[in-house]
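A.B. asks: The letter at position 50 of the sequence shown is residue 50 when you use this note's numbering, and the numbering goes up by one with no holes.
If you are wondering where the hints come from, they were derived from the structure by calculation, not from laboratory data.
Heads up, some of the hints might be wrong.
[Claimed, not checked] Each computed DSS-like pair below joins lysine-lysine, with the alpha-carbon atoms no more than 27 Å apart:
#, residue 1, residue 2
1, K4, K135
2, K135, K42
3, K4, K63
4, K135, K62
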Amino acid sequence: MADKITLLAGTAQPVNTPFSTFSPLAVDFLDALSRTIRAEEKGEEIAAFGFWCRRAHVEGLKKRHSCPFPRLGRGLIFHLAPSNVPTMFAYSMALGMLAGNGNLIRLSQRRGEIEGRLCDLIARVLDRPEFAPLKERTAILSCPRDSGTISSLLSACDGRVIWGGDETVAAVRALPMPAHAVELAFPDRWSMCILCEQALDQMDGEQLAGLARRFYNDTYLMDQNACSSPQMVVWQTGGGGEDTRKRWWEAVAEEARRRYPLGPFQAERKYERFCLAAMETGCVAGLDRYGGNLLYVARLSQLPDDLTTLRGGFGLFFQWESETLEPLLDRLTPKVQTIACAGVDGVSLAQQLAGRQARGVERIVPVGQALEMDTLWDGHDIIAELSRILAVEV
1 MADKITLLAG
11 TAQPVNTPFS
21 TFSPLAVDFL
31 DALSRTIRAE
41 EKGEEIAAFG
51 FWCRRAHVEG
61 LKKRHSCPFP
71 RLGRGLIFHL
81 APSNVPTMFA
91 YSMALGMLAG
101 NGNLIRLSQR
111 RGEIEGRLCD
121 LIARVLDRPE
131 FAPLKERTAI
141 LSCPRDSGTI
151 SSLLSACDGR
161 VIWGGDETVA
171 AVRALPMPAH
181 AVELAFPDRW
191 SMCILCEQAL
201 DQMDGEQLAG
211 LARRFYNDTY
221 LMDQNACSSP
231 QMVVWQTGGG
241 GEDTRKRWWE
251 AVAEEARRRY
261 PLGPFQAERK
271 YERFCLAAME
281 TGCVAGLDRY
291 GGNLLYVARL
301 SQLPDDLTTL
311 RGGFGLFFQW
321 ESETLEPLLD
331 RLTPKVQTIA
341 CAGVDGVSLA
351 QQLAGRQARG
361 VERIVPVGQA
371 LEMDTLWDGH
381 DIIAELSRIL
391 AVEV
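Let the sequences and hints guide you as you build the complete structure.
C.D. replies: Following this line, the structure appears as structure tokens:
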């Protein structure tokens with residue numbers, strides 16, 4: 001078994017002794033990692049993780065999860081990281097640490113440059129003497145995906161966190177764990193953006209460029225591979241018009257022109273996905289291109305019954321306009337995760353969804369925060385579910 005496993009950071013045999021949630025050592029480690037990343041790393045995805053785990057942000061999360069009773073981690077948590085979001089393994093590890101656990105994180109053997117650089121940074125900070133207790137509770141490793149290898153790793157764990165497609169989640173769920181172990185699964189999800197036409201029509205050039213920059217971060221930064229990246233843009237019409245929409249997409253294309261490394265692979269996949277949607281959904285009325293191949297906007301004549309069949313990527317977005325959101329609300333299945341909004345009252349939208357007893361949507365966020373990892377994700381309180389309360393009755 002050992003010859004199948006490559007240790008990337010931490011120790012080969014992490015211990016399962018828990019910490020308290022938001023332990024000072026975990027907070028100090030994440031802040032030290034944040035400082036190291038911000039001093040050395042220029043890549044946007046790793047830099048975003050470094051900004052997320054800074055002390056001020058983690059202390060804010062700690063206040064949210066305050067508890068009158070002692071709360072400890074569950075022990076050792078197994079994390080199966082997704083291959084399409086290269087930094088997700090680090091967020092999952094950080095959440096496991098903050099929940100008071102030791103963490104065993106499995107990365108794909110086909111990991112890329114971003115995972116490699118981030119593993120090196122984590123390993124260097126874990127190797128500092130002051131973080132020895134965390135190092136002995138942490139293993140980041142690469143191994144085959146076969147059930148025998150994963151089952152062997154799971155046998156010593158007190159819980160598992162599965163990030164991946166529906167098939168991956170089903171396959172890992174079939175593998176046994178100790179009876180007391182807990183599970184969190186994050187399967188395929190789908191997300192969108194709602195823009196108020198009137199609000200964008202009233203923006204000056206600088207404001208629109210700022211919004212386009214934040215939209216780029218939600219989408220192009222991960223090639224729309226993240227479950228929370230918008231695939232479709234819904235325009236709430238009234239007070240603007242086609243000129244407003246065109247001005248918006250031109251601003252997005254300009255941001256992409258400055259920042260997006262478009263190559264033959266991205267261009268081919270984008271065109272392929274557009275053609276597939278046009279053939280299979282029966283809802284695509286036309287295509288508008290901005291910035292050459294940088295941005296495709298597929299105009300919809302109507303909404304498909306299943307919104308999640310609209311799969312963008314690499315700068316392909318589906319567009320639908322309506323004065324009312326009612327037709328949209330009827331199609332919010334459990335696969336719909338995040339709605340990013342601009343010019344739309346998120347609180348009112350959440351109340352509307354609750355009143356309609358919507359089966360989908362776990363997050364409503366401003367444009368620019370779709371990819372911002374949180375301790376509340378897919379309807380789960382990750383800190384609560386990966387820890388245990390020592391209840392006291394007096």
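A.B. asks: Compare the structure with each hint and give your call.
C.D. replies: Do the hints match the structure? See the list:
Straight-line distance between C-alpha atoms of K4 and K135 comes to about 21 Å, which keeps the hinted pair within the 27 Å bound. Proposed proximity of K135 and K42 is supported: the alpha carbons are some 26 Å apart, at most 27 Å. As the CA atoms of K4 and K63 are separated by approximately 41 Å, the hinted pair breaks the 27 Å bound. For a cut-off of 27 Å, the pair hint linking K135 to K62 stands: about 22 Å separates their Cα positions.
Figure legend: structure checked against the earlier numbered hints; the only hint not met is number 3.
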